[in-house]
Amino acid sequence: MKHDVAELADGLGFILEIDGTRALDELTASVNSVCSRAEGHGTQSVVVLRLSSAPADRTWPGRVRIGEVNRWERAVRRLERLAAVTVAVSEGTCGGPALDLLLTVDFRIASPDSRLLLPVNDDHFWPGMAVYRLVGQLGAAQARRLVLWGHEITAAHAVSLGVVDEIGGDVEEALRAAVVMLGRLSGAEVAVRRRLLLEASSTSYEEAIGTHLAACDRELRRLGRAGGRQA
67 MKHDVAELAD
77 GLGFILEIDG
87 TRALDELTAS
97 VNSVCSRAEG
107 HGTQSVVVLR
117 LSSAPADRTW
127 PGRVRIGEVN
137 RWERAVRRLE
147 RLAAVTVAVS
157 EGTCGGPALD
167 LLLTVDFRIA
177 SPDSRLLLPV
187 NDDHFWPGMA
197 VYRLVGQLGA
207 AQARRLVLWG
217 HEITAAHAVS
227 LGVVDEIGGD
237 VEEALRAAVV
247 MLGRLSGAEV
257 AVRRRLLLEA
267 SSTSYEEAIG
277 THLAACDREL
287 RRLGRAGGRQ
297 A
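If you're matching positions, the sequence shown starts at 67 in the numbering used here and goes up one per residue.
Careful, some of the hints might be misleading.
Stated by the list, open to error - Estimated spans, in silico, between C-beta atoms of each pair:
1. R211 / C282: 35 to 41 Å
2. R291 / E218: 48 to 54 Å
3. R287 / H223: 38 to 44 Å
4. E83 / E272: 25 to 31 Å
5. A89 / R287: 42 to 48 Å
6. L289 / G128: 49 to 55 Å
Since the hints were derived computationally from the structure, they do not count as laboratory data.
Given the structure is predicted, the values throughout are model-derived calculations rather than measurements.
Built from N, CA and C at the ideal position, the CB exists for glycine as well.
All chains should be built: construct the whole structure from the sequences, respecting the hints.
See the structure below:
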C-alpha cells in the first residue's frame, strides 16, 4: 500500500501527503507509517503533513465500519502524542481527515485560499474527535458557533481563532522556515509540553501536579547534567 511518506531533504524528518479523498483504511495506514518512521528516527525529528483535497461534498468518512473509525482515531492520537515536532500545511479545502490531523499538530500553516470545513456524513454532522479538540483548543463558546452552525472557516478567521498559526503567501517558504525553526527543538521536549497543554483543561490541579513536578524534575536533572559538563 502506498503511504506517500518521504524524507525531508535535510534529514530532519519526514513529510506525508494527505489526500482526503482516499479510503479511511489507507489514510490510517499512512498516518501510522509516518509515526513509525519518526519513532525510529530519534528525538530530533520533524513530521510535516501536507493537507489537501477534502471531499467536495464534505462527506466523511462515508459508509465504513466503526472498527475502521476506531483505528483512525487511534492513529490520529498516536500522531498527537508523537515525540517529534509536527507541522501541517493546509491548502485549499481542509475538512474530514485533514481537519482531524490539523488539530493535532504543533505548528499550523494555511495558504491564503485555505478554508476549514467541519465534516458531514450523508448530510448529517459527523461527531468525530475534531469536536473534542475544538472545544479543548477554543473553549465551548467558540466551538459551539462552529459546530452548531457549521460555518466554513477562512484562513484569516482560523488565525484569529488560534486554529492556524500562520498564513503563508508562499507556502513552501513558510514551510521551510517552520521546519528549520522547529527542527532545533527536541521532539521529546515538545511532547512533554504538548502533553501538559492537552491535560491542563481536563485535569484537576491535584491530578496535574504530579505530572508537572515530574516534568520539572526532568528539567532540573538536565540543568544539573549541563552544569556538570561546563565545570
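Evaluation of the provided hints:
1. Roughly 37 Å separates the CB atoms of R211 and C282, a value that falls within the hinted 35 to 41 Å.
2. Between R291 and E218 the beta carbons are some 50 Å apart, a value that agrees with the proposed interval 48 to 54 Å.
3. Hint check: R287 to H223, Cβ distance near 43 Å, so the stated range 38 to 44 Å holds.
4. The hinted range of 25 to 31 Å is not satisfied by E83 and E272, whose Cβ atoms lie roughly 44 Å apart.
5. A hinted range of 42 to 48 Å holds for the C-beta pair A89 and R287, which are about 46 Å apart.
6. As the Cβ distance of L289 to G128 is approximately 51 Å, the hint placing it in 49 to 55 Å holds.
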